[in-house]
Every structure is written in C-alpha cells, then in structure tokens.
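Could you put the whole structure together from the sequences, leaning on the hints where they help?
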Amino acid sequence: MPDALITPAAVIELLTAEHILEPQEALTPDTDLFSMGLDSMAMMQLLLLIEERFHLTINPAEMTRERFATAAALAGFLGEKRRLAA
Amino acid sequence: MSILPASTVDFFLAGLEAFMSRSGQGTHWGVTVLRLGGRPDARTLTQAWEEIHARHPMLGARLKRQWRGWRWVWETRGAIAAPAICWHPVQPLPPDDAVVHERLQGRSSAGELTTPLWMEVFPWGGEGEHVILLTWRHALLDGTGVNLLLEKLAAGTCGEGPPVQPLPRRESIAQVYKLAKPLTDRLHAMTSAGCLSAWVKGMPIGGRPEHRLIELSAEESGRAVSRLRKLCGDFMQMPFFAAIAARTLRLLHEQRGWKSPEIHLHLPIQIRGRSRELIFGNHMGAMPLFLEAESLGSLEQAVEHVLAKYREAMKQAMPKASDALTTLASHLPLGAFIPVVRWTNMGQICSLFHSHTGSFLPGSTDFAGAKIHNIFTIPSVCTPPGLGIFISDYAGRITVTLAWRGEGVSPAEVAAMEQRIRADLTGDAEGRAE
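If you read the protein sequences in the order shown, they are chains A and B. Using this note's numbering, read the first sequence as starting at 272 and increasing by one per residue. Using this note's numbering, read the second sequence as starting at -13 and increasing by one per residue.
Please keep in mind that the hints were generated in silico from the structure rather than gathered at the bench. Computed from a prediction, not measured in an experiment: that's the story for all the values here. Think of the CB as a built atom: it goes at the ideal place given N, C-alpha and C, for glycine as much as any other residue. Among these hints, one or two may not hold up.
As the list claims (entries may be wrong) - In the BS3-like style, the derived pairs of lysine-lysine whose C-alpha atoms are separated by at most 30 angstroms in a straight line are:
no. : chain 1 : residue 1 : chain 2 : residue 2
1   : B       : Lys216    : B       : Lys301
2   : B       : Lys306    : B       : Lys167
3   : B       : Lys164    : B       : Lys306
4   : B       : Lys187    : B       : Lys245
5   : B       : Lys301    : A       : Lys352
6   : A       : Lys352    : B       : Lys216
Claimed, not checked - The calculated label-pair distances, taken between Cβ atoms and stated as ranges, are:
no. : chain 1 : residue 1 : chain 2 : residue 2 : range
7   : B       : Leu314    : A       : Ala280    : 37 to 47 angstroms
8   : B       : Gly193    : A       : Gly350    : 50 to 60 angstroms
9   : A       : Gly350    : B       : Gln287    : 26 to 36 angstroms
10  : B       : Gly392    : A       : Glu351    : 51 to 61 angstroms
11  : B       : Gly259    : A       : Leu276    : 26 to 36 angstroms
12  : A       : Glu351    : B       : Pro190    : 57 to 67 angstroms
13  : A       : Ala280    : B       : Glu278    : 35 to 45 angstroms
14  : A       : Glu296    : B       : Ala204    : 31 to 41 angstroms
See the structure below:
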C-alpha cells in the first residue's frame, strides 16, 4: 500500500477527524495548534496516528515547538523525515 | 438548592477523603506557596477573593448521592461568605514548616478551617518580601484548578463565574464494564505480582503530614529543563517527571530490601474541553501506568520505558478504562470505595499518586502587582500509599515536594530520595562520576 501523502491538508484532516483537536473554527495550515489545545496527551495520540497513517516514527526528543506549531510546519517536518528515510 | 455535575475524579477524591477521615488522617488539604519580591495589592486580592466566593457555588457544595439515577452530584445551597484574607505582621523570617504542617491539618492560628479556601499573607525580612500561603481542600480543587485560581487572583477579578454544565449522559453498566475491562485485568495481574507502594501491612497508618522541599536554583533548574528537552522534547514533561518519581520509589524499595516487580503510577491527564471558568471540581483524570522495576535502572532507560508504557496505555484506551472503573466503583457507598480498592490491591491503593503538579501562571512575572520569585505546591498524602512526589514549575524554576505521613519514611530515606531526585534532574551524579 503506498504511503499516504503528507500535506498540510492531510495533517489538518488527521487532527480533526481523529478528534485530537476540536476547534470552534476551521483550522488553516497556519493556525497556531497550541492555542487550539494541543497538549501532551493530544501529542501522544498524534504520534500514534502519525505512525499509523504516515508510517513514520517520531522520537519524543524530535518534538519541538517549531515543528508542531502549525499544520504546515508539521507537514514540512514529516515530509522531510520521509524523504530522509527513503 | 441546586445540583452541579460531579466527575468520576470528584468521586474518587471524596472516597479518598472519607477513607482518610475514618483512618484518623483528617481532611485532604494542600498548600500552594507564592514567594513574592514585594507587597501584593490588597485591593486586587480582596476583590478577586470575594468575587470567587460569590460566583462559585461549588465552594459551598457537598458530594451527594442522587437517588434518581443513582449518581453522585454536587449539591449546593449557593454562595458562601469569603473568609477574610489574613495579613500577618512583618516577621524576620518567612513562615516555616510548622505553619505549613498546621495548614495541612486544616488549622490556622485562628482555629479549624471551616471553608475550602484560606489565604494568608506573610511579609518578612527588611526588603519587602512576602509569602502567600493558599490552603485548599483537594476534594474541590486540583493542580490545574489551583493555577486557574491563581490566574483570577492575580487579575483581581474572576469574570462572570462558571458556565452552567449539563449533567453527563449515563452509559449502560455493560458498556462501562467493557471499557473498564483492560484496567481491571491489569490490576488483577499487579495484585498477583505483589506490587508495593511506600507502605506495607504492619506499618502505621496516619500521623502528621510531613514534607521535604527540594528547591532547585535557577541554574540547576536550567540544567533540569535542558535534560528534559534532550530526552522528551518540548512537550513530554510529565513522562520525564514520572520517570524520576518512579525511580525514587524504586530506590526506597531497594533500601528497604523490598521486592516489587512493578510500580503502579497514576499519571494525571487533563480532562479535555473543560471550561477555564470552572475553577472548582477536578480537572484531571488518571492514566494508570504499570512500570517494570527492572526497566528503571538509569534515568534514560526509565524515560524510554515510561514513554513506551504511555504509548501502550493510550493504545489500550487506559484513560477511558480508568474513568469507567471509577464510574463502576461510584455505585458503591462512598465510605466503602477506598477499603474495597485497598482490599483488591492487597492493602495498597497505588504506588504513587500524581507525580506532577504542573506549571503555574505561565507567562506571568507579577502576582497582584508583586514580582513572583517562585510558586510551588505542598500537597498532603495518606497512607497507603505513603509517599507523594510532586513537581512544580514556575517559569522554568523547578521545585519538588516529597510528602509522607508521620514516621512512614525515615530521615535517612528522605535524604537518599532527595539525592536521587537532584541527581536525576540536574545530572550532577553523572558529572561527579566522570
């Protein structure tokens, strides 16, 4: 099965469809995810879903504020990680 | 008379308090300490304090069984009068441990505390420094609630007060049982394996609440935060602190020659979607982690193990299982809850309660106009489990509180645990070994 495409839209879909975030307004690629309630438990759920959906394993030490600040930043980080793993 | 919803954690804490009361351990109090570099503004504090008492009927509520529907709810007759904030005369030194011990036993210099919140201001020294002691009843307030309360006090107003909350929807017992099953199976396995806390049958129950504060300097705190980031990134603070707490309990077991194959840790997890205007009532659920003692050898190994167990617990939906198990237990009479838990766990409640209290007033440098030096919490614990390890963070400044009762932990054990905690946080032991 081919790996799912990593785009900001795919990250937003992951965050909302799996109820990791339940924002009042629609998320955009540049929405600040922390102000939407991305806490440590949500982070752990997110890591598990990233593994399942994108087949990428993230070490907690790689989880920096910059990389998880927005859907666009997260998609960029995951895309780069996949490229390096290829 | 009005009814407010109660969470399963409210029920758990009320059951714990009933157990404490019946075993002569009093009421479950905590003290939050604010060290300030100046005099807080009395008007700001008083206004917020009175508004909070006027707008939060939870402060006068008691947990009650609602016969219709057989569920626990908070019953309230409305607002209570705010106790006057107690301003002490200037002292040469800040309030000592004896003052904190008195508050943890629900007493002030004026007598027994009759309201769930009590605030005192202690000016000390010759440079205008002040200490605020905020004493709170844990059945109504947890670490997150304390932070929300401090935010309101610092702002001088509590806003409109809490929104109206609907009573939660009830699920069928069969559904709740199914959700609780992974945890009940795990608890039975733990019981069979003979897992220990800091207390075993034969040791005394109760005694005065005791504590040891481990205040890291700014430089030591900086090293701790940098170690945390290296091992857990920017977000997983709790697994880092939980690993330290579990290693500390393991050290205690080793010193006593006890064999405990696992350590049962209750990690606090925030209930999601709860309004920040709801100060009172508990904000946390519990995520039970069953840590293998053999995997806690070094801090790095322990952190990796806690993270692996955290992932495993999330995959097994342990937070939901924990909530479901407490829901099932809530069908018992309040006073019977903890004894049943103790019986099923071979005398234990669990190894460690919440190992982490949290970070206070993020982004704030002042409290009611006074510069903040540090904020930390000193909770009381009961026996069993006999030991609490709490980690407070204000602006990256780390303070650890070890809490126990009476002579349940010896001075030598306290010293060894402090040394282990300092070494784990700052990496000093490795530094010296090199």
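Hints, verified against the model:
{"no.": "1", "hint": "B:Lys216 with B:Lys301", "result": "holds, 25 angstroms"}
{"no.": "2", "hint": "B:Lys306 with B:Lys167", "result": "holds, 10 angstroms"}
{"no.": "3", "hint": "B:Lys164 with B:Lys306", "result": "holds, 10 angstroms"}
{"no.": "4", "hint": "B:Lys187 with B:Lys245", "result": "holds, 15 angstroms"}
{"no.": "5", "hint": "B:Lys301 with A:Lys352", "result": "holds, 24 angstroms"}
{"no.": "6", "hint": "A:Lys352 with B:Lys216", "result": "holds, 19 angstroms"}
{"no.": "7", "hint": "B:Leu314 with A:Ala280: 37 to 47 angstroms", "result": "holds, 42 angstroms"}
{"no.": "8", "hint": "B:Gly193 with A:Gly350: 50 to 60 angstroms", "result": "holds, 58 angstroms"}
{"no.": "9", "hint": "A:Gly350 with B:Gln287: 26 to 36 angstroms", "result": "holds, 32 angstroms"}
{"no.": "10", "hint": "B:Gly392 with A:Glu351: 51 to 61 angstroms", "result": "holds, 56 angstroms"}
{"no.": "11", "hint": "B:Gly259 with A:Leu276: 26 to 36 angstroms", "result": "holds, 30 angstroms"}
{"no.": "12", "hint": "A:Glu351 with B:Pro190: 57 to 67 angstroms", "result": "holds, 58 angstroms"}
{"no.": "13", "hint": "A:Ala280 with B:Glu278: 35 to 45 angstroms", "result": "holds, 41 angstroms"}
{"no.": "14", "hint": "A:Glu296 with B:Ala204: 31 to 41 angstroms", "result": "holds, 39 angstroms"}
The structure is consistent with each of the numbered hints, conforming to all of them.
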